[in-house]
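For the record, the sequence lines run as chains A and B.
Using my numbering, you'd call the opening residue of the first sequence number 6 and step up by one each time.
Using my numbering, you'd call the opening residue of the second sequence number 121 and step up by one each time.
Please note: incorrect hints may appear among the correct ones.
Claimed, not checked - Taking lysine-lysine and the BS3-like style, the derived pairs with C-alpha atoms no more than 27 Å apart in a straight line are:
#1 Lys41(A) / Lys118(A)
#2 Lys40(A) / Lys322(B)
#3 Lys118(A) / Lys40(A)
#4 Lys322(B) / Lys132(B)
#5 Lys41(A) / Lys189(A)
#6 Lys322(B) / Lys189(A)
#7 Lys136(B) / Lys189(A)
#8 Lys136(B) / Lys334(B)
#9 Lys189(A) / Lys40(A)
#10 Lys189(A) / Lys243(B)
#11 Lys322(B) / Lys334(B)
#12 Lys136(B) / Lys243(B)
What the hints assert, rightly or not - Incomplete in silico selection of chain B near chain A, CB under 7 Å:
#13 Ala199
#14 Val202
#15 Ser219
#16 Val222
#17 Leu226
#18 Cys231
#19 Gly235
#20 Met295
#21 Ile296
#22 Pro299
#23 Leu305
#24 Val309
Rather than coming from a laboratory, the hints here were simulated on the basis of the structure.
Built from N, CA and C at the ideal position, the CB exists for glycine as well.
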Amino acid sequence: MGIAQILLLVLGAILVNNVIFAQFLGICPYLGVSKKLDTALGMGFAVTFVMTLAVAVTWPIYYFVLSPETSFFNAFMQPEAVPDLTYLRTLSFILVIASLVQLVEIVLRKVAKSLFDALGIYLPLITTNCAILGVALLAIQNEYNYPISLVYAFGSALGFILAIVIFAGIRERVELMDVPRAMKGVPIALVIAGIVAMAFMGFAGLGG
Amino acid sequence: MASRSVSAEFIKGIWKENPVLRLLLGLCPVLAVTTSVENGLGMGMAATFVLVCSNIVVSLLRSIIPARMRIPCFIVVIAAFVTIVDLVLQGFFFELSKSLGVFVPLIVVNCIILGRAEAFAYKNGLFYSLIDALGMGVGFTFALAAVGSVREILGNGTWLGFPVPPFTAHPWIIMILPPGAFITLGLLVAGMNWITQQQDAKRRQLAREARLAKGGTA
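The shape of chain A in the complex, shown without the other chains (with noise of 0.2 Å):
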């Protein structure tokens, strides 16, 4: 895969594919966490280190233990006592994301003070954010190989931090808008995602 097949995933999983406008995974961060501009951001890095993280260490767990035809099992059994373990794909993807997420917050309040005190916070949330685990499984669907999942990990949540920032904008000048009484906060919130969706779906077709 060229330079450029690689430029046009990122730009598909940004604008056309965008984890929240066009496949609703993350929509409960992204109602809870976009009433400001930086907590926004805050988050947004936060589910990009996680979620690049999350596919760097589920993807070799699925094709390294749980699939069948590429596990460790082939090495030192006949290819039919191989046990397929791919049912406990779910389980083991969000075992390992919610220890992953314990881990670097351990991990960045050590070594990286400044970073965890900027994240540390949005990190708990990120356990519970279906965009981290449906991405994963995305990886694994699409059957990327270990580069492209990452490249594809990164993209989406670049698509994520997007969404979110433009989101929380808008919604700081909402908040000083008139609103109907019954409308104000989460129902205008989303009928304005509404809108900017329909803004998103301009980009579809682009890059094929």
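Please arrange chain B on chain A, whose structure you already have, making use of the hints.
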């Protein structure tokens, strides 16, 4: 504990504490799979099954699970039931499993299920946990079906596959596409808010009249 009524525990999940329309939990599948009523109902039932089973198990094991390790324990219990649902759907309802796609394994991170395990099943007995899970599950399914109905009728001109006359001529394709999901859910939540606000206003009005009738000041 004895004073709690079973029906109140059940009903609260459907209306007053509806997980989607009032608590705004687990919105990802609500937006993603509601392109038709059928998908919405399928997703709702899958999630309800996981919710009921995980609430039962968590409630039974609540004296064994140590408080510090509870979240990982809940996740393992939930993930086990999600795997069961995933395999059953793939085996017996392949079409539905294909259209729900990645959102079946993603039930494991659905905040409603983890939320009920943490907030209710870990603190309550088996029977009430079961009722709570059923109520929440029905509430979730109801919300999915409501969003799915609006989107399918307006966007496709059908309801559960049956044509709905005035809408068949000019379906609004946008309602089936992602923007329609956000707008429909936003308006439904606003509708719920509006009804609650009307009820609150009426209750306040009645209370004021009652005070005035007793000769007090408003």
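What hints, given by number in increasing order, does this structure fail? Going through the list in order, the structure violates hints 2, 8, 10, 15, 19, 20 and 21 and respects the others.
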